[in-house]
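Peer 1: So in the UniProt record's numbering, the last one in the sequence shown is 338, and the numbering has no gaps at all.
A couple of the hints might just be wrong.
[To be verified] In silico lysine-lysine, DSS-like type, Cα no more than 27 Å apart, as pairs:
| # | residue 1 | residue 2 |
| --- | --- | --- |
| 1 | K192 | K63 |
| 2 | K42 | K186 |
| 3 | K63 | K42 |
| 4 | K91 | K192 |
[What the hints assert, rightly or not] Ranges of calculated distance between the beta carbons of each label pair, as one might list FRET restraints:
| # | residue 1 | residue 2 | range |
| --- | --- | --- | --- |
| 5 | G117 | T72 | 36 to 42 Å |
| 6 | L78 | A9 | 39 to 45 Å |
| 7 | K91 | R30 | 25 to 31 Å |
| 8 | R161 | K91 | 16 to 22 Å |
| 9 | C97 | R207 | 18 to 24 Å |
| 10 | T14 | E276 | 34 to 40 Å |
| 11 | S95 | G141 | 21 to 27 Å |
| 12 | H23 | H221 | 28 to 34 Å |
| 13 | H190 | T72 | 40 to 46 Å |
| 14 | L195 | P106 | 18 to 24 Å |
These aren't lab readings, by the way, just hints derived from the structure by calculation. C-beta: ideal position from N, C-alpha, C; glycine also.
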Amino acid sequence: MSREQVASAKYDPTPWWQQHRDHTLEPVMRALASHDLDILQKMYENFFRDECSTGLLPVQRVKNNYFGHVITDFYRRLYLVDALYRLDYWKAETSGCYTIGDLAGPATGNPFGVALGDTLVRVGSEYQHYCAQRIARLLHGHATIAEIGGGFGGMAYYLLRDRPGTTYIDFDVPESISLTSYYLLKNFPHLKIVLYGEAELTSDTIRQADIVLMPLVELAHLPNDIVDLSFSSHAMSDLAPEVMPEYLCDIARITRNHFLYVGTEISAARIVDFSEAMPSQFILLESRQSGWNRHIAPNAGHVECIYQISCSSSPIPPSEQASPGTKRSCWDKEVTNR
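Turn these sequences into a full structure, and let the hints steer you where they fit.
Peer 2: Okay, here's the thing in structure tokens:
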């Protein structure tokens with residue numbers, strides 16, 4: 001019996017993800033279970049448009065109106081409004097430090113998006129690029145980061161491309177890890193990639209690897225203080241309140257410096273509340289509104305927060321910590337260790 005089969009319930013899929021499993025992911029899960037490599041290759045070669053990426057890409061939302069026929073003028077304009085809003089937001093959030101060419105990515109998975117000049121701005125690429133650069137600004141020297149819920153590896157692609165020497169570890173549900181493995185192996189064949197079952201998750205394994213891709217259950221086996229920064233984009237917000245403290249314990253145990261969180265403001269507040277009962281506290285250093293989806297979900301209440309992992313017996317008083325949702329301009333300054 002595999003570790004995943006005997007894992008704690010905290011590593012079970014969230015109800016939101018289980019819905020995707022029940023409704024659209026059954027074909028890819030069946031192919032994975034039967035080791036049907038021919039079917040998997042067919043799906044993965046077209047994953048931007050195939051239901052195997054449901055939950056990671058807006059396949060269900062767009063396939064009936066955009067794929068397989070000439071797009072009507074209404075849906076063409078609708079997509080352009082969304083894409084141009086996100087591009088403008090990306091430029092504002094990065095203070096205009098990058099060009100459209102920096103968003104260029106591989107053709108793996110038959111991506112779709114908006115063609116601007118010679119660059120195909122793939123769906124979601126501006127947010128993935130932003131997150132990668134945000135993480136890079138928090139790192140120093142050779143660094144190791146862990147992501148919980150890395151999707152298909154879009155953020156990881158930009159981080160590894162633009163910051164060579166970074167070690168990237170991803171924990172996710174098996175069907176997502178499988179797709180991430182395909183994507184990163186295709187685009188970084190020169191890097192040493194460790195997959196589940198190939199090696200024990202030890203300090204030596206991580207030190208010798210460039211990329212480590214593991215199911216969520218392996219998070220419990222990651223050595224203490226092994227990563228410089230942990231990152232989660234929206235995955236933590238999907239956790240039930242009773243499960244979140246257990247994930248926070250894992251993050252506090254493995255992380256030396258920072259935890260970068262993007263998700264709901266409600267879950268951000270819970271992180272600080274839950275950590276008060278833990279030996280290691282999550283000290284909120286910066287918090288700002290995250291408006292990537294404000295044009296389609298104005299009341300979503302998304303925030304971006306940076307926490308310092310502190311084992312100090314004298315943590316920063318709550319009155320001196322930032323409040324979730326506080327608007328700050330944090331792109332042009334780096335967070336320093338305290």
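Peer 1: Against the structure, test the hints numbered earlier, and report the numbers of the ones violated in rising order.
Peer 2: 1, 4, 5, 7, 9 and 10
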